[in-house]
Amino acid sequence: TARLVKVLASLVGVLCVVMVVTLGLRTGQWLPALLAGIALAMAILPEEYSVVLTLFPAMGARRLTREGVLTRHINAIETLGATSVLCTDKTGTLTQNRMTVTALSVPDPAHPSEPGGILHWGAASPAALTPSSAQASAPLSATFHPLIEHAILASAPTPFDPMETAFHAMGQSHMNDDDRQYGLGQLVQSYALSPSLKAMSHVWQFEEEEDRIVSAKGAPEAILDLCHLSDGERQRWLACVAQMAAQGLRVLAVARSRFEGDHYPESPHDFEFEWLGLMGLTDPLRPEIPQAVADCQSAGIQVIVITGDFPATAREIARQAGLPEGETLTGDVLEGLDDAALRERLRHVTVCARIS
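Per the working numbering, the sequence shown starts with residue 101, numbered consecutively.
Rather than coming from a laboratory, the hints here were simulated on the basis of the structure.
If you're wondering where the values come from, they're calculated on a predicted model, not measured in any experiment.
C-beta atoms are modelled at their ideal positions from N, C-alpha and C, and glycine is treated no differently.
One thing to keep in mind: the hints can contain errors.
Label-pair restraints from in silico Cβ distances [unchecked claim]:
(1) E374 with I455: 27 to 35 Å
(2) E178 with S398: 43 to 51 Å
(3) L186 with E360: 47 to 55 Å
(4) Y282 with P365: 20 to 28 Å
(5) T258 with L104: 43 to 51 Å
(6) A158 with T258: 27 to 35 Å
Straight-line distance between alpha carbons at most 20 Å, and here's what the computed EDC-like set of lysine to aspartate or glutamate pairs gives [said to hold, decoys possible]:
(7) K298 with E321
(8) K298 with E435
(9) K298 with E214
(10) K298 with E360
(11) K298 with D325
(12) K298 with D432
(13) K298 with E366
(14) K298 with D208
(15) K106 with E167
(16) K298 with D189
(17) K298 with E264
(18) K298 with D261
(19) K298 with E372
Turn these sequences into a full structure, and let the hints steer you where they fit.
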């Protein structure tokens, strides 16, 4: 509005000068010419802008109150009306943030360098992995016990994150004390998640073990780096990750290691990790999301999902939400784009995945 007023004022100023000069030269009466120029300026310049800017947002605020929305600032209504792109997180925003473990994959006992397939649960069996459902849960092969136990050890002892809560619930549902390799222990060192390494590691001291036990969980590509697998093994496991992610599962990898002594390395890369497998978690879409996305699209608003999750997982959730087919932009590609290239790329993007 300020720019519009400045443009109009400049235009009016030019017209008034032309009018005053023209009348003055034609009639020789400069005072009437000047008064005519002032009258022209008062006639052209709109004095109603301040009234319009107050009245119409007030009408918008009144309309919003009928929808149960209280507006404190006028610029909130202006921003709402000008919105053309809506960026949304996935976990807990599009989804319910109520995770359950519904798929596992461990190395094939006969061929340890290859995935041993994917073990799935349906919605009616152990998908409801809660301690209260332990009696009804199907038995789980001992092959999967190290994967589950180290996923728990790599989580907070008292979990609050829904993902870590799901790991603890699965352990309570499918493993008793005899199934666990380790008893009570003390957490002696932690390596937190970082932008350079999307994995977290915990070092434990157990009374029955002389060595420290190290457990790690995180993004599959990060755990693959920690385990230093060969290119062939890496590609086979990434194919398994893609297969699980294509079903809309959030996929995490788990690894374990041992350490002697009390002088811990600065980085988890200095541990000799052993790959244990993959865990797939289901986080159902909120039931109101497809209609909300449809409302945005009918209003001409482009919706972009931004998540740290695996690209295939994010694309499947976006598909369930009703987003149109579009490009997927990953974090490593985004870092290499300048502002102009990013602006052009985002015109066709519906999902941004693996974003730090």
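Comparing the hints with the structure gives:
The hinted range of 27 to 35 Å is satisfied by E374 and I455, whose Cβ atoms lie roughly 30 Å apart. Between E178 and S398 the beta carbon distance is about 21 Å. The supplied range of 43 to 51 Å is therefore violated. Checked against the hint of 47 to 55 Å, the pair L186 and E360 passes, with Cβ atoms roughly 53 Å apart. Hint check: Y282 to P365, Cβ distance near 22 Å, so the stated range 20 to 28 Å holds.
Roughly 58 Å separates the CB atoms of T258 and L104, a value that falls outside the hinted 43 to 51 Å. A hinted range of 27 to 35 Å for the beta carbons of A158 and T258 is inconsistent with their spacing of about 50 Å. Distance restraint check for K298 and E321: the Cα-Cα separation of roughly 8 Å lies within the 20 Å cut-off, and the hinted pair is therefore satisfied. For the hint pairing K298 with E435, the CA-to-CA distance comes to about 16 Å; that is within 20 Å, so the pair holds.
At most 20 Å may separate the alpha-carbon atoms for a hinted pair to count; K298 and E214 exceed this at roughly 23 Å. For the hint linking K298 to E360, the alpha-carbon distance of about 25 Å lies beyond 20 Å, and the restraint is violated. Simply put, K298 and D325 have alpha-carbon atoms about 11 Å apart, close enough for the 20 Å limit, and the pair holds. Restraint check for K298 and D432: satisfied, since their Cα atoms lie roughly 13 Å apart, inside the 20 Å limit.
At roughly 16 Å between alpha-carbon atoms, K298 and E366 fall within 20 Å of each other, so this suggested pair holds. The hinted pair formed by K298 and D208 fails the criterion: a straight-line CA distance of about 26 Å is larger than 20 Å. Pair hint K106 plus E167 does not hold up; C-alpha atoms about 36 Å apart against a cutoff of 20 Å. With a C-alpha separation of about 18 Å, the suggested pairing of K298 with D189 holds against the 20 Å cut-off.
Distance hint between K298 and E264 is fulfilled; the C-alpha atoms sit about 15 Å from each other, no more than 20 Å. A distance of roughly 16 Å separates the Cα atoms of K298 and D261; the hinted pair therefore holds under the 20 Å criterion. For the hint pairing K298 with E372, the CA-to-CA distance comes to about 18 Å; that is within 20 Å, so the pair holds.
In this structure, the earlier hints numbered 2, 5, 6, 9, 10, 14, 15 are contradicted, and the remaining ones agree with it.
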